[in-house]
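Q: Assemble the complex: chain S is given as a structure, and chain E must be docked to it using the hints.
Number of protein chains: 2
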Amino acid sequence: MSLERIFNAESIAIIEASRDETQPGYQALVALQEGKFEGRIYPVNPKEKNIFGLQCYSSVMEIPNSIDLALITTPAETVKGHIEDLGQKGTAGVVILAGGFGELGEEGRKLEEEVVTLANGKGMRVIGPNTQGMINVNKDINLVGLTNIPEGNIALLTQSGNIALNLFTEANLKSQTGFNCYVGVGNEGDIKFHEYLDYFTTDPGSSVILMYVEGLREGRHFLKQASKTTKSKPIVLYKSGRSAKGSKTAGSHTGALAGISEVSQSAFKRAGIIEVEHPGEMFPVAETLALLPTLKDNSIAILSDGGGHATIAADYLADLGIRLPELEPETRARLAAILPPNASLANPIDVAGGTDRNPAIFADCAEILLDDKNIHGLLLVGLFGGYGIRFAQKLSFIEEDAAHRMGKLMENTEKPILLHSLYDYAKPHSLELMRYYNIPVYDSLEIACKCVESLSIYSSYRRDNKQEGSFQLEWKQNANLKGQRIIDNALAEGRKILLETEAKDLFRLQGAPVPENYLATSEDEAVRLAEKIGYNAAMKVVSADILHKTDAGGVVLGLRNEQAVREAYNSIINNCTDCQPGADIKGCLISKMADKGIETVIGMKTDDQFGPTVMFGLGGIMVSVMKDVAFQVVPVSQYWAEAMINEIKSAVIFDGFRGRPPSDKKALVKMIQKVSEVAQAYPSIQEIDLNPVIVHNKGLTIVDARIILK
Amino acid sequence: MSLERIFNAESIAIIEASRDETQPGYQALVALQEGKFEGRIYPVNPKEKNIFGLQCYSSVMEIPNSIDLALITTPAETVKGHIEDLGQKGTAGVVILAGGFGELGEEGRKLEEEVVTLANGKGMRVIGPNTQGMINVNKDINLVGLTNIPEGNIALLTQSGNIALNLFTEANLKSQTGFNCYVGVGNEGDIKFHEYLDYFTTDPGSSVILMYVEGLREGRHFLKQASKTTKSKPIVLYKSGRSAKGSKTAGSHTGALAGISEVSQSAFKRAGIIEVEHPGEMFPVAETLALLPTLKDNSIAILSDGGGHATIAADYLADLGIRLPELEPETRARLAAILPPNASLANPIDVAGGTDRNPAIFADCAEILLDDKNIHGLLLVGLFGGYGIRFAQKLSFIEEDAAHRMGKLMENTEKPILLHSLYDYAKPHSLELMRYYNIPVYDSLEIACKCVESLSIYSSYRRDNKQEGSFQLEWKQNANLKGQRIIDNALAEGRKILLETEAKDLFRLQGAPVPENYLATSEDEAVRLAEKIGYNAAMKVVSADILHKTDAGGVVLGLRNEQAVREAYNSIINNCTDCQPGADIKGCLISKMADKGIETVIGMKTDDQFGPTVMFGLGGIMVSVMKDVAFQVVPVSQYWAEAMINEIKSAVIFDGFRGRPPSDKKALVKMIQKVSEVAQAYPSIQEIDLNPVIVHNKGLTIVDARIILK
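Chains S and E, in that order, give the protein sequences. So that you can map any letter, position 354 of the first sequence is 353 in numbering that gives the first Met the number 0, and since no number is skipped, the others follow by simple counting. So that you can map any letter, position 415 of the second sequence is 414 in numbering that gives the first Met the number 0, and since no number is skipped, the others follow by simple counting.
Extracted from the complex, chain S is given alone in its bound form (with noise of 0.2 Å):
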């Protein structure tokens, strides 16, 4: 049941149309009218003959030809009803504004359900429940009612009517582009965001897909479908709902559960998507995308006419890691040439006045910019199309003459250009002319910063053509049998949580690199493991009804000879016995003591929107404290561990601090993706926690194990 139909709807139904002008089925039918939609509109309202011009059927089982699309306004205890009649017109699709479903909770999630189960058994597709609707531009299908949508080639897909509404004044205001699609994705009862982007990915209409979020239902289908198509377009996302307020807020809003920002971040990333920090972002980056060429490397020169602006860009775009190369010698002496002696020549360029008179010598900067090999885009900031009004108004024709060249000089290079400009709010004419050229305009600096980083971020993404890996969970892969029965055995005992030894011995017929360890269940056997094993050993109770073994006294490091054996067993057994009285106590795991080395922790969640996770980062304060963890969605490719690795900003203590051997950091890699493999290859584990893992200058030892079930 693909969406073409729905999105290129040439009969539309309006279930009811109204002739009040507040009510949703007054709002569309006018935008369908004075749209000029070149289909057919059947208004549907039982106490109307005719609304503007139009006859109105009084129910769907009227209509006497087929229907592509229906928009229904009324409440949601009449939608089953309608929904029923346009199943028997082979109706393709229906929008469904109402709220009152799965926003509400348990009850109106059923009747969503039976909606959409009703609607897809007869071959329908639904948008919403709880939408402010759809509208195509190109095709003058507005069932949104608002009008004056500004037309572009961006695609929309929104979980909020009011950002949609943001988004469109916006666009008006400040840009010459804006819309081609917008999709209110309300609840996501049938159709979900991966199947809209799937539309748009070739929808020739859309090149670039803008999109907030407040939660997504499906965050691996998502992630699927996001990173095949950021290789053929850009997706710029914002992410709302990360506090514990805000994600109530968002709850109640679409019934979307928000995620951990983090993950999400990591996952997004990951999938090529540009993921920006502020809402007044989403516009201008989407705009950036969908005009500028990429840019072939990782560097510009900033051109301004003031030291302020000059100084402030070259602050952010430090931050931003956009590089600022110094120019190259003949660059210099031409921009010299024309230039005061006061100018300065180094990046960022600042004209000090030398344009004040003629701002041509803009054009002439940028010409010269542009030719310099290092040079690979170009972010003017200042007065540009101002400077008629600024300073004497013969020189706007002169500032126009400037835009043409300048447009022009982009379209040659296949360099990108990029303005700010404090004359934004008085229109000027060479502002609309650099505009048509598909140079964007920002009227703030730091906002203009930002486009000039996602620019860079996306095109180094399509340059680099990074081995993301598959988003593809492959259930049970590499599952072992022994591995199966371990957890088996402990659901069938009714036990959630992994015993150490059944843990470590999970990931020793895994593969990984599992320490020596015994059960002892007596003080002589204890006296006999730790020979076996050698001294110097460390013991550790077992019992699955002790969690925090430290707390419960039931860990004791360092034991050099059989006496210290032998006290610490008693000691561990009487303490955990005081401290949890008729804890099932299995006895004490011994080991050797691991050697020195850098301690981590690798660990696996399964986050709500996109199942296992897996995490990493230094222990200690570093995870808990300073939250220093990267996080990948599973599965983790050698690539992702390793870029996990890098992410954390501790990441340098392995290759040797303070005079410390280097860290094997390739059993790290292993490691981290030996996680990920057992994530993967048993579906009812809920959570890892390798903590720690001390990783040596050889290989690595995983001293503490904990497996949760689902």
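Quick caveat, the hints were computed from the structure, so don't treat them as lab data. Beta carbons: idealized from backbone N, C-alpha and C, even for Gly. A few of these clues could be false.
[As the list claims (entries may be wrong)] Chain E stretches covered by chain S per the calculated footprint, using a threshold of three residues with CB under 8 Å from any CB of chain S:
#1 146-160
#2 164-178
#3 277-288
#4 305-317
#5 388-400
#6 624-637
[Claimed, not checked] Listed below are the simulated DSS-like cross-link pairs for lysine-lysine, each with C-alpha atoms no more than 30 Å apart in a straight line:
#7 Lys648(E) - Lys604(S)
#8 Lys648(S) - Lys475(E)
#9 Lys595(E) - Lys548(S)
#10 Lys591(E) - Lys426(S)
A: Chain E in isolation, oriented as in the chain S frame:
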């Protein structure tokens, strides 16, 4: 030489006045005339007799009356001549526009000094040079030539003319308030930031001071003045020049050195300054603080007409540390009575369509919310102001009534109301009304949230009346004669580095808990001293030539007996001699091994802008990699030493982490203050590095100490 007469000049000379519209001598003249300046204007230009109806003088000396203020628009090399003449006329101040002074390097700096000395000698103060000029809106003094400056009660101090232009533009577009004064401080050749600040602190027309700063010439004086000013008026500041590239431009721009941002951030905060992060926040934050009553408590409500905006605003406020308290049951009940059932009555409040047909309900909700004893302010987000556009035209009148009601609500409750509106661009009358009642209107949601944060920070600063301590350096306070002798001795020997023994002695003399340690100059002496101190001992080379003792093989730890001491002594001497032949090795320092504890680093560096500054952080990668450090300028009071400890993220470790005992924070606080005391006592110290300082459950140990002299 107060600035009163300059800012309230009643007679102004313009050197040189011009008929050419591209000249500043034209622009200022026209601005004064068009602005209806009520004082006397004296154009000076030997080539003219009369300009625009005013008599033109061939030189300053010809002007018949006294002159309060002169604008010098001629090139750098001509300035001294004019200053001579003006001095004879008893002029109070001159504004020098020309560049070609300190910003160009040594030669320019010399000329600048000569000009300023000359002027001061004649009782004149200088604004600039290298400035755009100054404007006093209330007195119609406009020496910049910019017209259309929005009038209000913000005083603007800036190092960039374009930034001023930016702010004027923004105020005109987005506010009903504006500026009282504008000073382009230029190179700060004579009058410095702190002197302007002093003037505006008592100036009744200024209620907020807004600053754009690239670098401060006299950071100390600035902090002292700022901490006085902020007790009665907010200072809002944006600092650029953070990056190497940025500060290079800033350097060429105004000749000021851009400082390390962390140091200035903590100093600004201590002085009660509101530092904004993005240039786009400068005006809105200043406007907010200029207009709104302070918050009695850091708890507000968000009222929204759309889930998207509510979710985003809640995310931001959570990140910014603003509380969104739960509503009282009565408040919820009252809201429920007027809102639809799907409205969200948690805070943020989402009316969920409940205002679509009657925006007066916003005012109802606002009244109910500000009645709640836990709610101290209100952020309204969404479409308010645009109901007449979005829904039905007649709703605009209802919005206007709601605006009147909310305006009066703020007056009566003295609880601030802030409004984000998507429809500000359309300039609806209801938003004009909101502004009439001093309710600021923002078109950006993220900026609205930042303004809430700034209001909250400034309110709590005024409320809590923090003991910011003094910024006054009391050089040589608590200096010790013996300590001074150590330093003098090293300087006499041509050393810029104190020996470890000397550095520790210096701290011991100052009353710091330096552990017992002794210098051994032979193997036998080492044994004797080790036995005196007691095992287990540590030994370190003492040599001013060896900076990195560990790298040179000059440190041996954990010496438990005589044999070990003898071996260690010889090995250290041999290693260091091999590693650095010819090094002046004084012997080895013997001390007891420190007890376990938390490794910290306490340091002091001399900041270019603020002078001596104490640094604190955890040892190891926390300082060098994670940059989890706190700075405070000397003198550091107990309050700020505690604040430094609490400022670092990793501070939780001192409270006892993973079963460790808590650390002696009091000892740490004293030690931080001690470093501040030493820095102040001995002005010839450039840098101090106590690394590590091990903090125990009781007390602490200074393991190593390094002092570098100026």
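Q: Which hint numbers does the structure go against, in order from smallest to largest?
A: 8, 10
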